Amino acid sequence: MGIIKVKDLIFEYIRRDEEGNVEGITTAVDDVNLDISQGDFVSILGHNGSGKSTLAKHLNAILYPTEGTVWVDGKDTKNDEYLWDIRQTAGMVFQNPDNQIIGQVVEEDVGFGPENMGVPTKEIWERVEESLKAVGMYEFRKHSPNKLSGGQKQRVSIAGVIAMHPKCIILDEPTAMLDPKGRKEVIRAVRALNDVEKITVILITHYMEEVIYSDKVYVMDKGKIALQGTPREIFSQVERLRELRLDVPQVTLLAHELRQEGFPIAEGILTKEEFAEAIDRCADMI
Amino acid sequence: MLRDITLGQYYQTDSIIHRLDPRVKLVATIAFILSLFIFDGVAEYVIAALFLIIMIKLSKVPFKFMVKGMKAIVFLLAITIVFNLLLTPGEPVFTVWKLSITKEGIRLAAFLTIRLSFLVIGSSIMTLTTTPNQLTDGMESLMRPLKKIKVPVHEIAMMMSIALRFIPILMEETDKIMKAQMARGADFESGNFIKKAKSLIPLLVPLIISAFRRANDLAMAMEARCYRGGEHRTRMKPLCYKKRDFAAYAVILLYLAAGLMADRLVKMVVVLL
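First to last, the protein sequences are chains B and G.
When the count follows the numbering used here, it moves up by one through the first sequence with no breaks and lands on 286 for the last residue.
When the count follows the numbering used here, it moves up by one through the second sequence with no breaks and lands on 1273 for the last residue.
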């Protein structure tokens, strides 16, 4: 079993009127199965309302399944005994950087998680230093979070999670509120964590460019997993992605259009470099 | 612009007062305020003034920053002075129509002025030399005994520090909402007091809703980072007393003792001379 395993997960939001009668049931996550191995970089893509954030909140025991089971590091999230172990194993970074920074100074915020876990003072300082260095924010340790840019704040949030020494980080649309520069900073920091520290990363996003480096991509639609595979497999299906109201990265789209026009270019081109090569080969042929 | 607002009025510099443990400063401020109300006599106030001057010098904070705090109480001060002057019964010095200024009135008004201004200056020394963070930490630590009677000390301190963290964010948000509404023709400037207050309602409603949303997000983020109240929690920056802190406590005791014995001290000096 991998670090995170989800079996037949169903989650229903129950809407009630003022008297508490059930008005309607929305199935946000519908029969999802996942198995994520330690050290993987997994992306979950989906349109707004596809249930991807709801799924993410199950992986950290913030929400509990209506039906089915979620195991984090072999522990069932429904079992309250393991609640804190699970939250420590699977750290979570949220969308809005302002609403998840608790400390008034960067280093204090990073220390918040370890403080809650009861880590001794000396070790907290070591952890804070090492996590801030891991996301490249060490020089800002004495700053007030209010004076940082969005990307920097989000890197501080990531450092705050790493300081808890998790085996897995779940990032719930960490770049949705950032500008392109901030997005790049954050994704670079996340990739470095996965490459260097071998932390399992689950990235939830709707930006296609961010998923091209992942080992596996899941595409969600209406609470179900609609597609899964490597980024190349996923982005080869341009038409299907359009049906799911998702875009593909610009290069991939360009390659696809050219192919439609009869140029001999392979499907599923992900990066500019690959595209340049393909064009070269194409030019040689003609 | 609004991002730069730091709450409280912390003045960044390095002095012995800045380096003192926040608990010492809290206790000292309370002791000083109490002493102002116990003291009753010229000699005592001279001692209090000397103590205050030494503290101001030691804190290396320019005096004008402390006077700033006085602006807030000018009105209050004026009223107390007028009422005390006119309404204290006693030996009249100066009479206009039915109102007379008495000797006792002058004395009372003078003492009250000194009391209130010393109080404000004394407490601003504390807020100018202590970061809001240290203050909440200090309060949490000092109030710890209250835990025995089920006062949620840790929770109160946590709420205070979160409030401090979110004030600049909410200010920025207010600014954004105001601009958004002004762009659509809202008017926050003109009109009388009531009209202005009314125009604030469409500002407050979205602000409060967004504050609740933020609170919800923050609570989730805190839980995701294993926050479960004050139990089992360790501190990244634990407060611990150093030698200078004990010395400071001794200074406070000395000050109180000197103040309480001021009368006798004066008599001794007089006798000796």
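Possibly wrong hints are sitting among the right ones.
Pair by pair, the computed Cβ-Cβ distance ranges are [what the hints assert, rightly or not]:
| id | chain 1 | residue 1 | chain 2 | residue 2 | range |
| --- | --- | --- | --- | --- | --- |
| 1 | G | 1167 | B | 149 | 18 to 24 Å |
| 2 | B | 123 | G | 1160 | 40 to 46 Å |
| 3 | B | 12 | G | 1068 | 53 to 59 Å |
| 4 | G | 1179 | B | 176 | 18 to 24 Å |
These aren't lab readings, by the way, just hints derived from the structure by calculation.
Bear in mind that the values here come from a model prediction, so they are computed numbers and not experimental data.
For every residue, glycine included, the Cβ atom is placed at its ideal position computed from N, Cα and C.
* To do: Could you see if the CB distance from residue 1179 (chain G) to residue 176 (chain B) stays within 18 to 24 Å?
  => holds (23 Å)
* Does the hinted range 18 to 24 Å hold for residue 1167 (chain G) and residue 149 (chain B) at CB? -> At roughly 20 Å between Cβ atoms, residue 149 (chain B) and residue 1167 (chain G) fall inside 18 to 24 Å, so the hint holds.
* Range hint 53 to 59 Å: satisfied by the CB atoms of residue 12 (chain B) and residue 1068 (chain G)? -> At roughly 57 Å between Cβ atoms, residue 1068 (chain G) and residue 12 (chain B) fall inside 53 to 59 Å, so the hint holds.
* Asked: When you take the CB atoms of residue 123 (chain B) and residue 1160 (chain G), is the distance between them in 40 to 46 Å?
  -> violated (27 Å)
Hint 2 from the list above is the single one not met by this structure.
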